[in-house]
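Under the working numbering, the first residue of the sequence shown carries the number 1, and numbering increases by one thereafter.
In case anyone wonders, no lab produced these hints; they're calculated from the structure. Using N, Cα and C, we set each Cβ at its ideal position, and we do this for glycine too. It is possible that part of the hints are untrue.
Straight-line alpha carbon distances no greater than 16 Å define the calculated EDC-like cross-link-like pairs of lysine to aspartate or glutamate that follow [what the hints assert, rightly or not]: (1) Lys-317 / Glu-124; (2) Lys-232 / Glu-199; (3) Lys-470 / Asp-428; (4) Lys-308 / Asp-292; (5) Lys-240 / Asp-292; (6) Lys-470 / Glu-401; (7) Lys-359 / Glu-401; (8) Lys-165 / Glu-182; (9) Lys-396 / Asp-365; (10) Lys-470 / Glu-157; (11) Lys-456 / Glu-436; (12) Lys-305 / Asp-283; (13) Lys-2 / Glu-17; (14) Lys-418 / Glu-355; (15) Lys-121 / Asp-171; (16) Lys-317 / Asp-132.
So the derived label-pair ranges between C-beta atoms look like this [to be verified]: (17) Met-112 / Met-327: 46 to 54 Å; (18) Lys-456 / Ser-142: 20 to 28 Å; (19) Glu-13 / Lys-305: 37 to 45 Å; (20) Ser-434 / Thr-356: 49 to 57 Å; (21) Arg-469 / Ser-402: 22 to 30 Å; (22) Arg-430 / Thr-356: 43 to 51 Å; (23) Asp-171 / Glu-117: 54 to 62 Å; (24) Asn-268 / Arg-193: 31 to 39 Å.
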Amino acid sequence: MKLLQVPTANLEERIKEELEENPALEVSEEGHDEFDSEMKDEFSSDGEDDYEESSTDEYDNIDLSDYVSEGDDEVGDYKLRDDNYPELDEGKVIPIKVETSFHEVLINQLGMMELDERTQKIAEQIVGSIDDDGYLRREITSIADDLAFRQNVLASEHEIEGLIKRIQQFDPPGICARDLKECLILQLQRKLREGKEVELAMQVLEKYFDEFTKKHYEKIQRGLSLTDEQLKAVINQIIKLNPKPGGNMGEVNKAESYVVPDFFIYNNNGVLELTLNSKNAPDLRISEGYRDLIKDFEKGTKKDKRQKEAVLFIKQKIDSAKWFIDMIKQRQQTLISTMSSIMNYQQEFFLTGDETTLKPMILKDIAEMTGLDISTVSRVANSKFVQTEFGTYRLKFFFSESLSTDSGEEVSTREVKKILSNLIEAEDKRKPLSDEQLTDLLQEKGYNIARRTVAKYREQLNLPVARLRKQL
1 MKLLQVPTAN
11 LEERIKEELE
21 ENPALEVSEE
31 GHDEFDSEMK
41 DEFSSDGEDD
51 YEESSTDEYD
61 NIDLSDYVSE
71 GDDEVGDYKL
81 RDDNYPELDE
91 GKVIPIKVET
101 SFHEVLINQL
111 GMMELDERTQ
121 KIAEQIVGSI
131 DDDGYLRREI
141 TSIADDLAFR
151 QNVLASEHEI
161 EGLIKRIQQF
171 DPPGICARDL
181 KECLILQLQR
191 KLREGKEVEL
201 AMQVLEKYFD
211 EFTKKHYEKI
221 QRGLSLTDEQ
231 LKAVINQIIK
241 LNPKPGGNMG
251 EVNKAESYVV
261 PDFFIYNNNG
271 VLELTLNSKN
281 APDLRISEGY
291 RDLIKDFEKG
301 TKKDKRQKEA
311 VLFIKQKIDS
321 AKWFIDMIKQ
331 RQQTLISTMS
341 SIMNYQQEFF
351 LTGDETTLKP
361 MILKDIAEMT
371 GLDISTVSRV
381 ANSKFVQTEF
391 GTYRLKFFFS
401 ESLSTDSGEE
411 VSTREVKKIL
421 SNLIEAEDKR
431 KPLSDEQLTD
441 LLQEKGYNIA
451 RRTVAKYREQ
461 LNLPVARLRK
471 QL
């Protein structure tokens with residue numbers, strides 16, 4: 001189950017760890033012989049006896065027939081790659097992009113300040129306390145405590161505050177702010193020379209920040225005596241600012257920025273073709289060197305205790321390698337079985353890309369089709385991605401409950417959410433639709449849905465209430 005949840009992007013690293021820990025496991029190279037295909041079940045009780053025997057003759061009953069084969073040219077069951085998986089180009093060099101981390105960028109700017117050793121330590125502590133999105137959320141008192149206990153540096157809150165102000169002048173603008181309001185104001189301060197609109201935007205944030213976030217524009221307009229044009233200009237100034245100044249620098253959330261699909265689905269003239277990412281199909285085998293060691297032991301006439309101990313060690317490593325290869329193979333079969341069932345169930349979507357064609361589908365449906373446990377299907381659905389001609393989707397995207405229409409037809413809640421999203425996208429932003437109006441429109445289309453359900457779906461789509469969607 002743990003191996004099943006390993007993302008494709010991390011599977012290569014997991015296999016590398018196993019290769020380093022077990023010398024009996026290796027990556028097969030083209031032209032090399034494969035291990036014999038008629039190995040017996042490594043989990044049999046006979047195999048366990050070899051390890052638990054406690055008599056002085058514990059090495060005399062070793063059966064090595066499972067580990068030695070004369071059929072060197074046979075392709076064994078433990079080769080994972082077949083004709084369905086394209087061969088990897090071993091000579092291809094994948095370029096690696098070198099990134100400078102967000103905190104390294106700040107430390108480099110810190111180096112341009114002329115600071116004594118003590119002040120440098122304080123400044124580095126502040127920079128180290130900045131979150132990945134660029135905010136300093138740690139209290140000044142906590143920073144002072146960290147300096148005292150970890151650096152043996154006593155610093156006053158006033159001194160720390162002064163250095164924070166200096167670090168707030170670093171790039172990108174808005175860095176080291178304590179909250180969103182301060183972050184936006186810091187950015188506007190860099191633009192004060194650009195004119196009256198920036199000054200007005202500063203006043204809005206300083207005096208009417210809460211009203212602005214709640215889009216109570218009328219109150220702001222009355223309080224600052226702004227014309228409609230001035231208010232629009234102020235809003236445009238503010239919405240162009242960056243609420244997360246550290247969010248697009250260096251390696252912040254880099255793992256979440258890139259998705260490596262586990263499957264690929266192609267539409268070949270109306271016929272869907274499913275392939276597994278080749279990274280999920282490593283070409284693993286049992287080490288020939290280990291097999292040869294056992295062969296040499298079999299050929300020898302004198303078998304002392306040390307040699308027999310070595311053979312038992314080799315046997316253990318081979319058993320472990322066989323187990324890991326089987327687990328990789330089982331992982332492949334589970335992934336393909338699950339994705340094939342989802343593809344067949346939601347065939348119309350994979351042919352058209354139209355979300356409204358998605359059928360109601362729950363974990364139990366796929367579990368029954370594949371014969372897998374519901375928990376296994378859940379693990380695959382929550383951790384795997386499929387790439388289609390319409391985009392890349394997490395498998396759980398295709399699962400949804402059902403909803404009844406006026407005609408009694410069962411439709412997917414995904415379909416209802418898509419229509420709800422389309423209604424909001426097409427609304428007049430000066431007079432956005434309320435949840436009640438959205439409910440009426442959906443009911444007119446034949447969907448039996450309550451207002452509270454519409455509100456729940458809207459929240460799941462990360463769409464704000466009507467008042468917050470209003471634009472001038």
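Verification of the supplied hints:
1. Lys-317 / Glu-124: 48 Å, violated
2. Lys-232 / Glu-199: 14 Å, holds
3. Lys-470 / Asp-428: Between Lys-470 and Asp-428 the Cα gap is close to 9 Å, so the pair holds against 16 Å.
4. Lys-308 / Asp-292: Judged against 16 Å, a Cα distance of about 15 Å means the pair holds.
5. Lys-240 / Asp-292: 68 Å, violated
6. Lys-470 / Glu-401: 31 Å, violated
7. Lys-359 / Glu-401: 9 Å, holds
8. Lys-165 / Glu-182: 11 Å, holds
9. Lys-396 / Asp-365: 13 Å, holds
10. Lys-470 / Glu-157: 42 Å, violated
11. Lys-456 / Glu-436: Holds. Lys-456 to Glu-436 sits at ~13 Å (cutoff 16 Å).
12. Lys-305 / Asp-283: 35 Å, violated
13. Lys-2 / Glu-17: Holds, at roughly 15 Å.
14. Lys-418 / Glu-355: With a Cα-Cα distance of about 7 Å, the restraint between Lys-418 and Glu-355 holds, given a limit of 16 Å.
15. Lys-121 / Asp-171: 20 Å, violated
16. Lys-317 / Asp-132: 43 Å, violated
17. Met-112 / Met-327: 46 to 54 Å: 52 Å Cβ-Cβ, so the 46 to 54 Å window holds.
18. Lys-456 / Ser-142: 20 to 28 Å: Roughly 38 Å apart at Cβ, these two residues miss the hinted range, so it is violated.
19. Glu-13 / Lys-305: 37 to 45 Å: 39 Å, holds
20. Ser-434 / Thr-356: 49 to 57 Å: 23 Å, violated
21. Arg-469 / Ser-402: 22 to 30 Å: 29 Å, holds
22. Arg-430 / Thr-356: 43 to 51 Å: At 28 Å between Cβs, range violated.
23. Asp-171 / Glu-117: 54 to 62 Å: Given range 54 to 62 Å: violated, Cβ gap about 25 Å.
24. Asn-268 / Arg-193: 31 to 39 Å: 59 Å, violated
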